[in-house]
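Q: For reference, the chains in residue letters:
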Amino acid sequence: DTEVTQTPKHLVMGMTNKKSLKCEQHMGHRAMYWYKQKAKKPPELMFVYSYEKLSINESVPSRFSPECPNSSLLNLHLHALQPEDSALYLCASRPGPSTDTQYFGPGTRLTVL
Amino acid sequence: ELKVEQNPLFLSMQEGKNYTIYCNYSTTSDRLYWYRQDPGKSLESLFVLLSNGAVKQEGRLMASLDTKARLSTLHITAAVHDLSATYFCAVDMYMTTDSWGKFQFGAGTQVVVTP
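Listed in order, the protein sequences are those of chains A and B. Per our numbering, the first sequence runs over residues 1 to 113. Per our numbering, the second sequence runs over residues 1 to 115.
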């Protein structure tokens, strides 16, 4: 298995909803990442998660919370989002800490109404 | 704060001609990555450049890294329509050799190849 999978592909939610995005990889990669990408912009790093620790981009609002139940799975819990949070959410994984590239999942297209 | 600048931001290419995309960054790093993104899709890894003078080639694409100039280039030879996409460079803001790193992406170069 050489891919990163993300579910769902599309998500529409209201501002009062709670939802979760899921990311999974079975390549034995030791780090996983969440990015947010707005249209015609580069990806912005939200969280870096290895099973040792979580690293947070301090500009990410608390309505986003990551969870890493095990080394293959990374969730992003969403609560009380705003319309400006609508974006493509990309998960990536990386084999090791030093020189490897990141492998991206297909993304979840999120729309907040 | 690390800044990564790509230029041009938009590149209209004619099929069969050669073009170059530039990626400048503001701090010392010897880890640079190139990605391709098709509209509505995710990012696909193209090249990993890990030392000064590194050169990688795949088909019509060739990437190089000059860490002293803090510059990477992505050269496209004899452009074809299939190369239409957005190309991103990313610099790894690693702090130590065992750091997980944080990628800082350039703004992206939108490439459109026309006959």
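Hints are not guaranteed to be accurate.
Claimed, not checked - Okay, the calculated bits of chain B under chain A, using three or more residues with CB under 8 Å as the criterion:
hint, stretch
1, 38-46
2, 52-61
As the list claims (entries may be wrong) - Not the full set, but computed from the structure, chain A residues with beta-carbon under 10 Å of chain B:
hint, residue
3, 6
4, 40
5, 109
If you're looking for bench data, these hints aren't it; they were derived computationally from the structure. Note that beta-carbon positions come from the ideal geometry of N, C-alpha and C, so glycine has one too.
Q: Interface hint check: residue 40(A), Cβ to nearest Cβ on chain B, cutoff 10 Å. Holds or violated?
A: Residue 40(A) check passes; min Cβ-Cβ to chain B is 8 Å, inside 10 Å.
Q: Would you check chain A against the stretch 38-46 of chain B, counting CB to CB pairs closer than 8 Å, and say if three or more residues qualify?
A: holds (count 5)
Q: When I compare C-beta atoms, does the stretch 52-61 of chain B have three or more residues closer than 8 Å to chain A?
A: violated (count 0)
Q: Does the nearest C-beta of chain B fall within a distance shorter than 10 Å of the C-beta of residue 6(A)?
A: For residue 6(A), the interface hint holds, since the closest Cβ of chain B sits about 9 Å away, which is under 10 Å.
Q: Holds or violated: is the Cβ of residue 109(A) closer than 10 Å to a Cβ in chain B?
A: Status holds, d = 8 Å.
Violated hints amount to a single one, hint 2; each of the other numbered hints is respected by the structure.
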